[in-house]
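*Asks:* Protein chains in written order, with the numbering used here: chain F, 1 to 236; chain X, 1 to 328.
The set of hints was computed from the structure by calculation and includes no laboratory data.
Just so you know, even glycine gets a beta-carbon here, dropped at the ideal spot from N, CA and C.
One thing to keep in mind: the hints can contain errors.
What the simulated footprint calls covered on chain F by chain X, stretch by stretch (three residues with Cβ under 8 Å from a Cβ of chain X suffice, anywhere in the stretch; the number is not a length) [claimed, not checked]: (1) 1-7; (2) 10-18; (3) 70-79.
Simulated restraints, written as ranges between beta carbons of each label pair [what the hints assert, rightly or not]: (4) F:Ala110 x X:Ala77: 38 to 48 Å; (5) F:Leu113 x X:Arg126: 45 to 55 Å; (6) X:Ala188 x F:Arg2: 26 to 36 Å; (7) X:Ala103 x F:Asn180: 52 to 62 Å; (8) F:Leu106 x X:Leu207: 46 to 56 Å; (9) X:Arg126 x F:Leu121: 53 to 63 Å; (10) X:Asp79 x F:Phe16: 34 to 44 Å; (11) X:Glu305 x F:Trp234: 52 to 62 Å.
Partial chain X-side listing against chain F, Cβ under 8 Å, derived [claimed, not checked]: (12) Thr99; (13) Gly104; (14) Lys113; (15) Val115.
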Amino acid sequence: MRGTLAVYEKEVATYFRSPIAYFVVAVFLLGTGYFFLYNVFLSGDATMAGTFQSMGILLLTVVPVLSMRLFAGEATGGTLELLMTLPLRPWQVVLGKYLGAVTILLVITAGTLIDLVPLYLFGKPETTTILAGYIGFVLLGMACLAIGQLCSALTQNQIIAAVLTAAVLLALWFVGHLQNFQAPTSGLRDLFAYLSLNLHFVDFIQGLVRTEAVAFYLAICAVALTLNAGYLEWRR
Amino acid sequence: MLSPHVTSPAPLIELESVSKRYGSRTVVHDLSFDVRKGEVVGFLGPNGAGKTTTMRMLAGFTAATAGRVRVAGHDMATDHTAAARRIGYLPERPPLYDTLEVAGYLRFVAKVKGVPRAAMPGELDRVAAACRIEPVFRREIYKLSKGYRQRVGLAQALLGAPDVLLLDEPTAGLDPGQIQETREVIRAFGEDHAVLLSTHILPEVTLICRRVAIIHHGRLLAIDSPAALQRAMEETERVTLEVTAPPDDLRRALLGVDGVSGAEVRAAAGRNGVMLADCRIERRDGVESAIARTVAGRWDLHRLERQQATLETIFLKYVHEAPEDPPV
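Isolated chain F, as found in the complex (with noise of 0.2 Å):
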C-alpha cells in the first residue's frame, strides 16, 4: 500500500510541477464555459444536459494528453527502469500512477462546479439530475484514463501512445453509431450500443444512474488497469 501511495504522490507531483496539468485544465475548463454559455444562454433552460454532453466530447480530446506520459514518458526518460526494479509490484505502479491521474480528472470536474452558479441563482436546476450527470462524466472519464494508461504501456512514444488512445476512444465513443446500419433483430446491434461509451453516459445525463452502465465503465477500467499490469510483468 505504502509503495502505491509513493507512486501516486510522486505522479501527481510531476502532473503538477509539469505545464501539461494546468493546460489541460484551462482547456477544458474554457471549453466548458463555452459550450455553458452556448447552452444554456441560447436555451434558456436552467439544465446541464448539453453541457455534460460537450464535456464528454472535450474529455475524448484531453484525456490522450493528460495519459500518453504515464509510461510512455517514464520510458523515454529511463525512468521505467527505475519503476521496475524497486521493491514494486506493477499492479502498485499501475493503480499509483492511474489514481494520479484520477485526481487531476476530478481537479477538472470541480472546475466545473462553477458553472452550476449561475444556474441557481438564475433558475431551478433538478439536483439530483446533475448529480447523476457528474457521477457519469466521473466514471466516463475514469474508463477514458484507464485505456489512455494502457495505450501508453505500450509505446515508448508519446504521440503515437496520445494518437492511439484518441483512436481508441473515438471508436468507442461513435460505435453506437453502427447500430443504424444492423438490422433490429441483430445482435450486433446490442453489442454495438453496450460498447459505445456514449450511449451509457447518455443515462447519467438523463439522471438515470444504472447499475448496467456503472459497471461497464468499472469493468472497462478493471479490464484496462489489468492488462496493463500483465503486460508490464510479460514484457520483464
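Chain F is fixed; fit chain X onto it per the hints.
*Replies:* Same frame as chain F, now just chain X:
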C-alpha cells in the same frame, strides 16, 4: 577460476549458466559467476558485450531466458520484488524525474524502498553527504549538471541500505575530482556489501575492485583478481632502459647478463647518443639489479623501468583472442 576466499560468506549475487536472447539474437551466453559480501567486482567489456543486459537481469528489469539469477538469496525469476528491497541499482542512464526536486525524488525512492518515516530525514542526509549532493538538495533535477545528475542517481541507489549494489558505469560524465570521490564511496560501500561495477574505464577497476570479470560477445572470458590476471598474462617480463652507450656494445652487454633472454636497442629520437633498450627477462628477482650493475658500471644509465602487464593489455589480449562470434 574463482580466487580463494579466506572467509567465504554466502554469495549475494549468483549467476548460474545465464543466457538472454532477444528473438533469435543471443546477447548473453551461459554466464556464471558470483559476488560475495565485502567484494567489489569489476565488470569489464567493450561496448555491446552484454554488461548492461546482465546488470538488468540482476536488477530484475528483464528476466533471463535460461539459467538462474539469484540476488541476496532470492530467485529473480520468481521473487524479484523481495530481492529488490536489498538491491541498489544505478542504470547506465541515471533514472531521474526531471521536474522533481532532488529531495522529493530521493524521498520517493526511499519511501518505496521501505525507509520508515522517522528515519527518512537521517537517511536522506546520509546519502546526500556520501554523494556530495547537499548543495543541490533543493534544486529541480532538470537544472543539474551531468555530474550532479550522476551522483543523484548514485544517491538513489544507496538509499535503504541495500546489501547489493549494481552500478552501470557510475563515473561516466564526472570530472576527475568527482570520479575520485565516487570511487571512495564505492570502495567504502564494498567493504561490507557486494558491489558489481560495470565500466570500461580500466584504471578504475585496478583501483577499487577485488576481482575482475571480463566479458565479450556475452561470454565470460576471465574472472580473477587484477594481480592474478597480470601474473597469468606473461611468463616473461620486460625491462626498458635509457642509456648513453654505443648500441652494439650495449646489446652485447645486456645479453651477457644472467636472466636476460632478449634485447633490442634503438636510438632515442632527438637525444644525441641516448639509446632505448628493451629487454625480455625471466620472471625472477635480481635480474633488474644485475642489468643496472652491468650498465651503470660502464655507461650513463638515465632510466630503468620494469614493464608489467597493465589491465589494459590484459583486457585487449582477452578480447582479441576471444573466438570471433558472429552475432547470431
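*Asks:* Give a verdict on every hint.
*Replies:* To see whether the hints hold, each was checked on the structure:
no.: 1; hint: 1-7; in the structure: holds (count 5)
no.: 2; hint: 10-18; in the structure: holds (count 5)
no.: 3; hint: 70-79; in the structure: holds (count 3)
no.: 4; hint: F:Ala110 x X:Ala77: 38 to 48 Å; in the structure: 45 Å, holds
no.: 5; hint: F:Leu113 x X:Arg126: 45 to 55 Å; in the structure: 46 Å, holds
no.: 6; hint: X:Ala188 x F:Arg2: 26 to 36 Å; in the structure: 30 Å, holds
no.: 7; hint: X:Ala103 x F:Asn180: 52 to 62 Å; in the structure: 58 Å, holds
no.: 8; hint: F:Leu106 x X:Leu207: 46 to 56 Å; in the structure: 54 Å, holds
no.: 9; hint: X:Arg126 x F:Leu121: 53 to 63 Å; in the structure: 58 Å, holds
no.: 10; hint: X:Asp79 x F:Phe16: 34 to 44 Å; in the structure: 36 Å, holds
no.: 11; hint: X:Glu305 x F:Trp234: 52 to 62 Å; in the structure: 58 Å, holds
no.: 12; hint: Thr99; in the structure: 4 Å, holds
no.: 13; hint: Gly104; in the structure: 6 Å, holds
no.: 14; hint: Lys113; in the structure: 6 Å, holds
no.: 15; hint: Val115; in the structure: 10 Å, violated
When each numbered hint is compared with the structure, a violation occurs for hint 15 only.
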